[in-house]
Amino acid sequence: DQQVKQNSPSLSVQEGRISILNCDYTNSMFDYFLWYKKYPAEGPTFLISISSIKDKNEDGRFTVFLNKSAKHLSLHIVPSQPGDSAVYFCAASVNSGAGSYQLTFGKGTKLSVIP
Amino acid sequence: KAGVTQTPRYLIKTRGQQVTLSCSPISGHRSVSWYQQTPGQGLQFLFEYFSETQRNKGNFPGRFSGRQFSNSRSEMNVSTLELGDSALYLCASSLRSGAGELFFGEGSRLTVL
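Listed in order, the protein sequences are those of chains A and B. Under this note's numbering, residues 1 to 115 are what the first sequence spells out, in order. Under this note's numbering, residues 1 to 113 are what the second sequence spells out, in order.
Source of the hints: derived by calculation from the structure; they are not laboratory data. Please note that the accuracy of each hint is not assured.
Derived DSBU-like pairs (lysine-lysine); straight-line CA-CA distance at most 35 Å [to be verified]:
1. K71(A) to K57(B)
2. K54(A) to K57(B)
3. K110(A) to K71(A)
Restraint-style ranges between C-beta atoms, simulated for each label pair [stated by the list, open to error]:
4. I20(A) to P39(B): 17 to 25 Å
5. G58(B) to L11(A): 25 to 33 Å
6. E15(A) to T20(B): 38 to 46 Å
7. I12(B) to I18(A): 38 to 46 Å
8. S74(A) to T80(B): 40 to 48 Å
For every residue, glycine included, the Cβ atom is placed at its ideal position computed from N, Cα and C.
Construct the entire structure; sequences and hints are all you get.
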């Protein structure tokens with residue numbers, strides 16, 4: 001059972017336009033959500049996060065929105081740049097007890113920004 | 001500050017063999033997590049170590065094991081390799097267990113023939 005779902009395997013956007021990447025989750029115990037970006041032959045790098053007590057977090061061109069009632073989050077990139085072309089992973093975490101945790105990842109969305 | 005270092009970067013094994021992968025976390029980071037990435041399943045959590053103790057374990061068979069040393073370096077071992085174990089194995093470190101942001105290494109690409 002996949003607890004974090006990224007239903008769009010790929011997305012193409014024109015340079016300068018908005019990119020919207022979506023993520024749905026099923027586990028209501030998730031209390032922290034993150035987005036990671038991954039280039040080929042590199043490990044994922046942290047992009048932005050949001051706590052379940054917030055509904056929006058912004059960092060430069062990147063904004064993450066959280067809709068807890070819908071169990072949905074989205075990442076907005078404005079304006080999109082060719083260097084944003086990468087695979088984006090949505091991840092969620094829940095405190096597993098004794099301060100430990102594990103991240104549950106979606107399968108990723110490949111974003112292509114067309115010049 | 002050096003990032004997370006994983007060795008070896010690439011390796012090829014045959015079915016039935018065993019493999020050990022190594023991870024050196026960022027200096028000062030005491031938590032090390034391991035993930036398996038495959039095209040069909042995305043990133044799946046294997047286990048997390050903090051201060052030499054396994055804090056959490058994913059849903060993988062007992063053939064997958066790990067350990068952490070006093071200097072926070074970690075190893076993971078896979079015994080009796082199967083074709084389905086072919087994957088990119090990613091190590092990630094963080095300052096403390098329970099923190100959200102992980103810093104990933106570039107991974108060890110394992111191919112099982």
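Here is what the structure says about each hint:
1. K71(A) to K57(B): holds (25 Å)
2. K54(A) to K57(B): holds (29 Å)
3. K110(A) to K71(A): Answer holds: K110(A) to K71(A) is near 22 Å, not above 35 Å.
4. I20(A) to P39(B): 17 to 25 Å: Holds, since I20(A) and P39(B) (Cβ atoms, about 24 Å apart) stay within the stated range.
5. G58(B) to L11(A): 25 to 33 Å: holds (28 Å)
6. E15(A) to T20(B): 38 to 46 Å: holds (44 Å)
7. I12(B) to I18(A): 38 to 46 Å: holds (43 Å)
8. S74(A) to T80(B): 40 to 48 Å: Holds, at about 42 Å.
The structure shown violates none of the earlier numbered hints.
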